[in-house]
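Note that the protein sequences, when read in sequence, are chains E, B, Z and U. Quick note on numbering: the first sequence equals residues 1 to 376 in the numbering used here. Quick note on numbering: the second sequence equals residues 1 to 376 in the numbering used here. Quick note on numbering: the third sequence equals residues 1 to 376 in the numbering used here. Quick note on numbering: the fourth sequence equals residues 1 to 376 in the numbering used here.
Just so you know, these hints were derived from the structure itself, not from any lab. Note that this is a predicted model, so its numbers are computed, not measured. Any given hint could turn out to be false.
Remember, identical chains collapse to one label, so a pair may be satisfied in a single copy or spanning two.
[To be verified] Below, computed lysine-lysine pairings styled on DSSO-like, alpha-carbon distance capped at 30 Å: (1) Lys307 with Lys259; (2) Lys98 with Lys236; (3) Lys98 with Lys80; (4) Lys156 with Lys359; (5) Lys236 with Lys329; (6) Lys91 with Lys156; (7) Lys47 with Lys366; (8) Lys216 with Lys259.
Number of protein chains: 4
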Amino acid sequence: MQETLIMTPGPTYVHEDVRRALMKPITNPDLDLNFYEFYRGLCDKIKRFLNTENEVLVLCGEGILGLEAACASLIEPGDKVLCIHNGIFGKGFGDFAKMYGGDVVYYEGDYKSGIKYQELEEFLKNNNDFKVATLVHCETPSGITNDVEKLCPLLKKYGIITVVDSVAGMGGEEFKVDEWNIDIALGGSQKCISASPGLTLLSISSDAWNKIKNRKSPIVGFYANLNNWSTWYEDKWFPYTQPISDLYALDVAFDRMLKDKNMIERHKDIAHRVRHSLIEGGLELYPLDSFSNTVTTINIPEGITYKEIYEDMLNKHNIMIAGAFDFLKDKVIRIGHMGENCYEEKLYLTLKALNSVLKEHNIDLKKDLHQSFVLD
Amino acid sequence: MQETLIMTPGPTYVHEDVRRALMKPITNPDLDLNFYEFYRGLCDKIKRFLNTENEVLVLCGEGILGLEAACASLIEPGDKVLCIHNGIFGKGFGDFAKMYGGDVVYYEGDYKSGIKYQELEEFLKNNNDFKVATLVHCETPSGITNDVEKLCPLLKKYGIITVVDSVAGMGGEEFKVDEWNIDIALGGSQKCISASPGLTLLSISSDAWNKIKNRKSPIVGFYANLNNWSTWYEDKWFPYTQPISDLYALDVAFDRMLKDKNMIERHKDIAHRVRHSLIEGGLELYPLDSFSNTVTTINIPEGITYKEIYEDMLNKHNIMIAGAFDFLKDKVIRIGHMGENCYEEKLYLTLKALNSVLKEHNIDLKKDLHQSFVLD
Amino acid sequence: MQETLIMTPGPTYVHEDVRRALMKPITNPDLDLNFYEFYRGLCDKIKRFLNTENEVLVLCGEGILGLEAACASLIEPGDKVLCIHNGIFGKGFGDFAKMYGGDVVYYEGDYKSGIKYQELEEFLKNNNDFKVATLVHCETPSGITNDVEKLCPLLKKYGIITVVDSVAGMGGEEFKVDEWNIDIALGGSQKCISASPGLTLLSISSDAWNKIKNRKSPIVGFYANLNNWSTWYEDKWFPYTQPISDLYALDVAFDRMLKDKNMIERHKDIAHRVRHSLIEGGLELYPLDSFSNTVTTINIPEGITYKEIYEDMLNKHNIMIAGAFDFLKDKVIRIGHMGENCYEEKLYLTLKALNSVLKEHNIDLKKDLHQSFVLD
Amino acid sequence: MQETLIMTPGPTYVHEDVRRALMKPITNPDLDLNFYEFYRGLCDKIKRFLNTENEVLVLCGEGILGLEAACASLIEPGDKVLCIHNGIFGKGFGDFAKMYGGDVVYYEGDYKSGIKYQELEEFLKNNNDFKVATLVHCETPSGITNDVEKLCPLLKKYGIITVVDSVAGMGGEEFKVDEWNIDIALGGSQKCISASPGLTLLSISSDAWNKIKNRKSPIVGFYANLNNWSTWYEDKWFPYTQPISDLYALDVAFDRMLKDKNMIERHKDIAHRVRHSLIEGGLELYPLDSFSNTVTTINIPEGITYKEIYEDMLNKHNIMIAGAFDFLKDKVIRIGHMGENCYEEKLYLTLKALNSVLKEHNIDLKKDLHQSFVLD
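Chain E extracted, bound-state conformation:
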């Protein structure tokens, strides 16, 4: 008798060691000076994970809070913001920029491809007076990973502050904040990091801090105001009581990842094998290129619906996979292979179950999915 295998693109399985840390008795994180050292130690681990010397913060809230905090803190009314998008999440970034008064210009890429370096380069030649550019590293709904490594230095060349949502990327894709000139990098606890949902983390460059500290207008809001954090360690004061149990768990999650020298390789390998087995089976991936290493998005074949696949996977095979939403609703299914879910045996079971569900619905498969996965 086994638990439902949750193979959606996050939240991922939370390892028992991480959950055990949730259980630790707590101290008073406002008063206990040891807690300030703990929090700093955690941030240092995240720095190593993100390959950065930039300051790192963990906020008490879901991933979207980090994104909002970046926009709220950086953007002043009238600031020009470039919203680079090739997917649902990328486009939504623009709404946050506008909410805080940004004058948003949208740069739209092909929604089935990664953002093209040369096209953006061309565009920027005549359009580059932006204070901030927003960009999504891994577009979870479509399963596309943008080439942040090249795009950010390009933007930075024009003095544009880069804000990158890597919630679904970091941990599963290479991610080098300093080398790649990312001013604000955003992540969430519940994707590749495989801790419980409820925390968002971000790194902030000194360029970004400068913009924040030298605003002309005050930041609207307290909870998403990064300025409140500028001297937390010196003053031994947090803007609010810290979610200490969640932070204990996050710390263990980072310990686990920092010990795992093979993490990115594993994601690449598993993702490759998943895609290979789907293609060998005759199925069609949604993206044309720039495939994500953390989530695979598959076009639903003729003859079966999302609901049928989802329910049969769950009820007959005890495995939960995801569909998508917005314009992808009912068009695709998604299999997550991130963090603690990115292990061969889990994908084997998932592909075997999918194989069985499709066959029961008379979908023709050229090869058995799990067998191609194994033979690879």
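We have chain E already, so just place chains B, Z and U on it with the hints.
Coordinates of chains B, Z and U only, in the frame set by chain E:
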């Protein structure tokens, strides 16, 4: 060998059963329909706890997020807001109102007393065209509990939307949202509720919802925007991935409290005995009246400093108590007796230790604190 | 980063739910009357599991304690005991019988086969004046499961008390105590039951109880004396303080198994597929017939040693498998597939790792082990 | 809402850290060489705890198993054994000696006093040809602690092997195995050590080992046969699969105790204050002298029964205390103050509840029990 006893006014001790719930393996709270039922069940428990039929929400963030969400969602630029205050937290409420454009009028009470009904009644006769009034139930820094039972109906008589911060009150003080006409009641997970910090809960009356839904200007911000929650159950859609582990734990915390028929009585009794023993010992309470049942604030006697008390309590007796901040910094010490910390044996140990610390510093005590506590 | 996969023939993986039960705060099991009901409820679950109306007891000690308790309690000096053996454990049973004064006759079967019904039938025709016969259901060292279903009724026809060690069988093999006339059936917590080691369980028929209660000589020993248990429920008295935490966990383990309607089928299926893939690969199983559904014993091929296989599996693939001892030492390796270890994905990983280890040592395999396992 | 406080003389409260260790995932303790080092490390901690260089073993079974193992392994048919007793447990020791063929001579002390050194000295002058003497350190039923420090060297002077049951003593009373010449010292996991019941531990001197190894007759039994353990470390072989989860927990329990420099002092102090408050209240202790520091036995006053006290304590105050059995049944109540139960606040609550129960039954108390306890 025992753990440090954390007797500060929150976060409180988290019972093992509650922490064990943190450890439960999780599902995908976005996709798993059972989770929507769980979340609704949790909200129903909170309704019973708050004695209300109003809608209840739990937000992913510390208590201050609920307060900000109330202000951000209710207040439009130019709205008249009455900030009733007799303490640090009450006054700070006004800052949030102003942040979101409120035209704030401050009504200041005596900082050593509860807000006086008759004085406010008098004031309101000529000043009552407020959209919203903000009020703190229990002023944690000073240990004063305001008579919300009488004050809110008075405000409501003038059609004013009442927003009450009861983060440090609910669970330890009687609290009847519907009977007392509280439009938005705010609480946090980490005080009397005795769950880990990181969640804020609020009840919202239909009057408050009407104001929110009929705004002329859009709400600035997403994370603190209550409107995003208006159809979560019908649409099976949350504004962000829910902090499922923390919610599992909160649910158990409410189960425990709803089973405990004696909870408010216990807080009253313990608080009374604590105050009695301090007064018998010759110490002075900070408030003159309206003593809180969840936290006791004591003036630091001549001949000893906050630092000395705090450190001796911690280092020699393994008990953490709190001081305060702002104008109370170094003037008072505070002992929390809320939720899981509100048990006779814990206060006995705390008072015995305090007795010993004071005596070692040659502070004259008329009677031994722990003995008065026991004899009472 | 994952834990070592322990694929030895027990102790097996202990499910988190079972381990969580270990953690439950305890009561005083000597004084708390609720505990007596709990213990009885647990025994009732075991009865259902064993398909018996016989009394069931759980003793505080490893599996061998149950075996000793059966011998110590049943056998008086001079009693004739038939030790039926076709393996190391079966033969060792005789030592226990002798220790307590039994006059032991050994009936030896082929060590590579199950005990043959007809041969035993023949033997018994002229040799049947035994008080007790001992028999092992599943010989863990060799991976052979004896046909207890037929052998016990045959013995019982002659009025012989049957004592069956099913420590490694029950849960993974069909096991019907009443239908099969098993007087004392023995099990341990750490094999298919998948609880932590430290408990032994046994069912005792009324025939066996009669022999125990009507002994002429006293039982030597207290801890292994079943007579001390004859009125535990009526008298609300246990011979010693019960290992309450271990029993809490065992109870959850039985809850899990009783809910799992497919348990025996799963063992049969996985065991079959494991053997199939090994044979397809050109490897040789140790037994010639009567293959166990809980452990597979494989002859080590020429060109590699046990130590090499064990260490490479562990150090390069993070999987622990077992060798054997006595005359099988260094001759075989054993893979356990019992209880919580009997899941497809675990055997897939194990066979894939074994495949890789053998290939690296230039052992020729006709087919890849894990691929045959999957293709089956 | 709080749990029942279990204030019986064992099993005691098991600290959360110790229970959390129970939950750890396990390895195969038969095959994993690291486990042998772990087990040895645990035994080394126990040696420090017992102040001994003697070999230490932990057996998989309740405390009584250790006692039986000592008798079974040491005593050969016809061996002269001196059973020194002044209580129910001391006398019962003789039964074990007889079970294994011992020729038992009983030396009976006053059942309300500790064994008198001079009287035993006198006795031994003319009666000293014993192979083994058995003795109980702390008689749990009567609450008497014998002066093992003096008695064992006296016995040893005559070359007698001393076997001391300190199940209820070690951890709460000073206990120096080597200095006091104790050949076999016996303990259990569930008393002052405050781990879950199910383990017994013993230290064995080289004199004792010599007797065991040079027996003329074989030891009857396997599970209680210490000889099976003589080369466990060298051979990397245990007589049976070790109860690894329980051992993990025991290890943490010893870590906690070894860190606690004040443990014995605390037991002395609490025990003294408990007795003082009972006497001040006008109640009568059962023993006349040699009061135990781990359990206090109180004569039930006229006008109330054991059942009434037990049930009112449990049902009205949520505290479980114990009565006794055998000739003490219904004559006394017992309060345990051992290990994790030996903290001021727990005894305060217990005495306050007892005070209330007695008063409700119109038992006249000269002073309130909990107040004397506090004032002391």
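Against the structure, the hints come out as follows:
Taking the closest pair of Cα atoms, lysine 307 and lysine 259 come within 30 Å of each other only across two copies (28 Å); inside a single copy the shortest separation is 39 Å, beyond that limit. Only between protomers do lysine 98 and lysine 236 lie at most 30 Å apart by alpha-carbon distance; the minimum there is 27 Å, versus 34 Å within a single protomer. Taking CA atoms no more than 30 Å apart as the test, lysine 98 paired with lysine 80 passes in both settings, with 10 Å inside one copy and 26 Å between copies. Proximity of lysine 156 to lysine 359 under the C-alpha cut-off of 30 Å is found in neither arrangement, the shortest distances being 50 Å within a copy and 51 Å between copies.
Taking the shortest alpha-carbon separations for lysine 236 and lysine 329, only the inter-copy value of 15 Å comes in at or below 30 Å, while the best intra-copy value is 47 Å. In this assembly of identical chains, lysine 91 and lysine 156 lie within 30 Å of each other by CA distance solely inside one copy; the values are 20 Å within and 43 Å between copies. For the homomeric pair lysine 47 and lysine 366, neither the shortest alpha-carbon distance inside one copy (45 Å) nor that between copies (49 Å) is at most 30 Å. Proximity of lysine 216 and lysine 259 under a CA criterion of 30 Å is satisfied in neither setting, with 44 Å inside one chain copy and 53 Å between copies.
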